[in-house]
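Participant: Chains as they are written, first to last, in my numbering: chain A, 13 to 130; chain B, 2 to 110.
Incorrect hints may appear among the rest.
Claimed, not checked - Once the Cα atoms are required to be at most 16 Å apart in a straight line, the calculated EDC-like pairs of lysine to aspartate or glutamate come out as:
1) A/K56 x A/D68
2) B/K38 x A/E54
3) B/K51 x A/E118
Hints listed in this document are in silico derivations from the structure and should not be mistaken for laboratory results.
Here the structure is a predicted model, which means the values were calculated and not measured.
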Amino acid sequence: EAGVTQFPSHSVIEKGQTVTLRCDPISGHDNLYWYRRVMGKEIKFLLHFVKESKQDESGMPNNRFLAERTGGTYSTLKVQPAELEDSGVYFCASSRRSSPGFSYNEQFFGPGTRLTVL
Amino acid sequence: QQPVQSPQAVILREGEDAVINCSSSKALYSVHWYRQKHGEAPVFLMILLKGGEQKGHEKISASFNEKKQQSSLYLTASQLSYSGTYFCGTEAAGNKLTFGGGTRVLVKP
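Extracted from the complex, chain A is given alone in its bound form (with noise of 0.2 Å):
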């Protein structure tokens, strides 16, 4: 099956302007996550979608980051407007439906996207 794809894998964008990247999760995964790697530090998360829903976004950092998944298919994390801080890796992972309580929750990461803000 195919991997976790995101696009694009390379951003360089001034301070103030507007990105969108975008993750394809393995097909038929309902969970959808976003983590970032800010550079020299650890992986960390962003939010989570259960299909179309926005399960948990307990670690967006502010309001200029909107994450969607229309459909529940593919994701974007768009960033309005980009500040120097937002610079580092971003990760999206997926995985199988949760059973109830706990999963055995194996997270599919894609390869990232690195983002460079000037």
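Given the structure of chain A, go ahead and fit chain B onto it with the hints provided.
Facilitator: Chain B in isolation, oriented as in the chain A frame:
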């Protein structure tokens, strides 16, 4: 609160063993281990569930001490391909993973 990984880095000769530790202050449902090579996606290695079940990968195994909320990843008879950064991800609730800071592993010939 993110789990704490140790050591931060380790250098091995091919064939040597190593242990990477991951400690959490929260009660956990599961611990997940990933390996990431530079510029690539993190690759799933292991999942350890509350209750003792675990799934291994090649010669990499792991343990989960539920009382201490600690997990250890064992790299046995390391190969050159084991080089990379290892992350533990802990699941306390809600399926999201909270990752440790990573452990850089370099396996030399």
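Participant: All the hints need checking, so say for each whether the structure fits it.
Facilitator: Hint by hint, here is what the structure shows:
no., hint, in the structure
1, A/K56 x A/D68, "13 Å, holds"
2, B/K38 x A/E54, "15 Å, holds"
3, B/K51 x A/E118, "15 Å, holds"
When held up to the earlier numbered hints, the structure conflicts with none and fits them all.
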